[in-house]
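Novice: Sequence:
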Amino acid sequence: MTDAYHDHLTYLVAYANDDWVGFSPIVGAATALTRPTPTRDRVTDLVLGLISDLLATGVLAGDLTDSDDETFVP
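All residue numbers for the sequence shown refer to numbering that gives the first Met the number 0, where the first residue is 0 and numbers rise by one.
Hint data in this document are derived by calculation from the structure and do not stem from the laboratory.
C-beta atoms are modelled at their ideal positions from N, C-alpha and C, and glycine is treated no differently.
Honestly, I wouldn't trust all of these hints.
Restraint-style ranges between C-beta atoms, simulated for each label pair [what the hints assert, rightly or not]:
id : residue 1 : residue 2 : range
1  : Val-12    : Leu-63    : 15 to 21 Å
2  : Ala-60    : Thr-30    : 18 to 24 Å
3  : Gly-61    : Gly-27    : 17 to 23 Å
4  : Gly-57    : Asp-6     : 17 to 23 Å
5  : Thr-70    : Tyr-4     : 28 to 34 Å
6  : Pro-73    : Asp-6     : 25 to 31 Å
7  : Arg-34    : Val-12    : 17 to 23 Å
Let the hints inform the model, and build the full structure from the sequences given.
Specialist: Have a look at this one:
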């Protein structure tokens, strides 16, 4: 794991502790990590790696709901 990857993952974990994380920040992190020449395959690999690592840290995948009581369901 590179320092840059670790920094992006740390940011995403902190983000997940405050709010739900959509795909946009994950794709953004993956794209930033592949600069200056991102390719679709490389970005896809990094998106999947980031998601896997997020889950490994205990971040829960789930669904947003319409409920006022339970807005997120793992």
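Novice: Give a verdict on every hint.
Specialist: Here's how the hints hold up against the structure:
1. Between Val-12 and Leu-63 the Cβ separation comes to about 19 Å, which falls inside the hinted range of 15 to 21 Å.
2. Taking the beta carbon of each, Ala-60 and Thr-30 are about 21 Å apart, inside 18 to 24 Å as hinted.
3. For the pair Gly-61 and Gly-27, the beta carbons lie near 21 Å from each other, so the given range of 17 to 23 Å is met.
4. In this structure the hint that Gly-57 and Asp-6 lie 17 to 23 Å apart at CB holds, the actual value being about 19 Å.
5. Distance hint check for Thr-70 and Tyr-4: the Cβ-Cβ separation is about 30 Å, which falls inside the suggested range of 28 to 34 Å.
6. Evaluation of the 25 to 31 Å hint for Pro-73 and Asp-6 yields a pass: the beta carbon distance comes to about 26 Å.
7. Distance hint check: the CB atoms of Arg-34 and Val-12 are about 22 Å apart, consistent with the given range 17 to 23 Å.
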